[in-house]
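Sequences listed follow chains A and B, in order. If you read the first sequence in this note's numbering, its first letter stands for residue 1, the second for the next number, and so on. If you read the second sequence in this note's numbering, its first letter stands for residue 1001, the second for the next number, and so on.
Derived by calculation from the structure, the hints in this document are not laboratory data. Be aware that a few hints might be false.
[Said to hold, decoys possible] What the simulated footprint calls covered on chain A by chain B, stretch by stretch (three residues with Cβ under 8 Å from a Cβ of chain B suffice, anywhere in the stretch; the number is not a length):
1) 54-67
2) 200-210
[What the hints assert, rightly or not] Counterexamples of contact, computed for chain B against chain A with all Cβ distances above 12 Å:
3) Glu1058
4) Asp1061
5) Tyr1380
Where is the CB? At the ideal position from N, CA and C, for every residue including glycine.
2 protein chains.
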Amino acid sequence: MASSRVGRPSVVILGGGFGGLAAARALRPAPVQVTLIDRENHHVFQPLLYQAATAQLEAPDIGYPLRFLLRRHENSEVLMAEARSIDATAQCVHFSGGGSIRYDYLILATGAQPSYFGHPEWRTHAPGLKSIGDALEIRYRVLVAFERAEQEHDLDKRRTQLTFVIVGGGPTGVELAGAIAELARHALKRDFVHIDPTCARVVLVEAGPSILAAYPKALQQKALAQLARLGVEVRMSTPVRSVDEHGALVGDEPIAASAVLWAAGVSGAPIARSLGVPLDHHGLVPVAPTLHPPGLPNVFVVGDMAALVQDGEPVPGVSPAAIQEGRYAAHAIVDELRGKPVKPFRYWNKGLIATIGRSKAVARLPGNVQLSGFLAWLLYSAVHLTYLAGLRPRVHVLLTWIWSFFTYARGARLITSPMEEEKGAQPYGQLSMKTSILGSQISHSPPSGST
Amino acid sequence: MASSRVGRPSVVILGGGFGGLAAARALRPAPVQVTLIDRENHHVFQPLLYQAATAQLEAPDIGYPLRFLLRRHENSEVLMAEARSIDATAQCVHFSGGGSIRYDYLILATGAQPSYFGHPEWRTHAPGLKSIGDALEIRYRVLVAFERAEQEHDLDKRRTQLTFVIVGGGPTGVELAGAIAELARHALKRDFVHIDPTCARVVLVEAGPSILAAYPKALQQKALAQLARLGVEVRMSTPVRSVDEHGALVGDEPIAASAVLWAAGVSGAPIARSLGVPLDHHGLVPVAPTLHPPGLPNVFVVGDMAALVQDGEPVPGVSPAAIQEGRYAAHAIVDELRGKPVKPFRYWNKGLIATIGRSKAVARLPGNVQLSGFLAWLLYSAVHLTYLAGLRPRVHVLLTWIWSFFTYARGARLITSPMEEEKGAQPYGQLSMKTSILGSQISHSPPSGST
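Next comes chain A alone, as it looks inside the complex:
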């Protein structure tokens, strides 16, 4: 048991994502007492979340217990709890459970959540991809769709089951669309008797005029060509007008689909409102180059939650930015405690990279270097392996990637989570709702010849 050092200034970090974790790590040698608070017990490696959602990686490859990551930090403790509000005057964070914690410094790193453009009711029908729970939900919807299609004899309904709409042409949307197309075209190819999974339809919808808006035109074209080769239909300049249990209204065309997945926009976590400062129209906290919200010199906002403008351009909501900001906040606290002057934060853009399917990617590197195809994919793999936390996940993810590169196999194809949910809620021996939806068509099923 590490002992808490009474008398040291307390730093409370809300959120164990890239920003919060980077701050906690940078504070390890500092003469402060750190409390890292997250409602989950684990850090999530968000850039690879889409691979968990499409049965390529397993949850423990991309989620690591925060306690384990910080176990050698003598001055840190981890609390699994949900923050409800911040009282910036009393320097206090309140929890949903009723408790609270005081802080001398607060690092707010709670990130962003999917934004449904004023239609929160769409969320039920179009899950976003922010947590491991989200990834498992998406994996469930996609895998069950193939199971249902296999039992469906009405051809229209079968086509609906095999249609997937992905909303949002940013990196997450592009990566999800490519991974689902490849799951259908390769991994599941030979597994069914009544359906041909390679006929699955994957539609990627983007309201703006181009996908991967942050990338140069040439790379956008490359990405479009790579998506086309995987059989993904891309609709640009096409807003999604509504989403319900049957599918989505894409521009003027209703597309019946078994799953609509949301990768279209983000807004700040609701706790930002309690800070008492004006938020931007995405619900993010505008911060000065010192990462302070106006009038709150002992609060830092880092990561996706911060709206920071540098050289006239917004700093993007990507993990390198969150890491750099988290580290900056930690060093700023140490400098201030030592009476040293605090320099403003500078974001160093390391470039952007996104994968399309199993072996292709596009990358924009510093110095206006552009890369695409297999080489970009190798770079992508190397960069992400480097940033994964710990030797074990690195080795495992590397082996998994090598394995599936050669076999197209997806190791993580279990349908568990939401099914078990219902089973658990019912008296033992009763039947699960979702499984029982399956099976309703089976009487029409061909096999038995002697009947």
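Chain A is already provided as a structure; the job is to place chain B on it using the hints.
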């Protein structure tokens, strides 16, 4: 797409466990049309389920998609559906979804479920260990208990959070108790600030006079000694009289506990009742040496569901028995179709083996050979690796075991499933009940010195 062969006799297999899967595999070259039906999409490697429940292995290590396992079987298809009842007269299985399927031969391999001795209401408070969902539920309860204890300041309540009761001294109970004790003593040892996980109390309760009743006396003694070394309290000849949300009444002693886990007894799956034959007092189907229930010559019952007596002793509910019975049923069908006489089934006892903690085991081998300690554990590991389905899980499990043998680390420590369950059910941005239970004590928390 494999084509169904019209005109061939249809074999319906209910259940994709060891028995059902062995039958499907043995039928691969047979001139029949096989339909394997399971309510999950995966086969579960039950002997290692306790390792998934205690964060040693990940779900995909021990669960494999049935479709993938049977993808090269030209004469087989897999249906994910829940069977509701069997109409043996019409030779028909009905599904919860309303559909049905006819059969010429039925192999009933739906296995057993935990039996609460007439108290089904205990199940909510004392989950059993039969599916991957069960394993994730147990993992959740155990890991969250440590998180809650960390935030608890009342010493009595903290002790309750760190108390785990395992009911049933068979192999599952012994393995669970050993694995939880080791999780607390080693894997979590350094991860907390306010609690000492090594003080966790693990109580193993057995109503009968000895643990591992199927093992020789000497091995039982060895197992007791190994459990004692791990700090597990064992209570024998002590029935559990009640279970509720606070813990269990163990003999005359109420034990307050954060989790009560059930490994005490099994009963047949409810679908057995619809067969129309008398069941034994565990709800299992008494079968002849040909594995037929009385009067149903085209139905085979295999695995845990079958009550079979051989040489005056019941054939045990272990995976080798299920595999042998599944293969027997397949070969019996082929022999019958070829007009060959069908020999009765003979169970070949390969021995029994159970692990206790990270590097100890007890084994009873054929020829009355007994083994215990590290050597038995090596044998255990080799046997289980051999029986795992597929190269990928084998390599992964082997690497995981080697890794955790040297580091005591548990890779699969994510708290996800049941938490996400509730989050999903609530409007976005609202707080999860279970997380909010955490955090209620935080105001009392020591750290901040300057307040």
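Item to check | Numbers of unmet hints, in rising order | outcome: 2, 3 and 4
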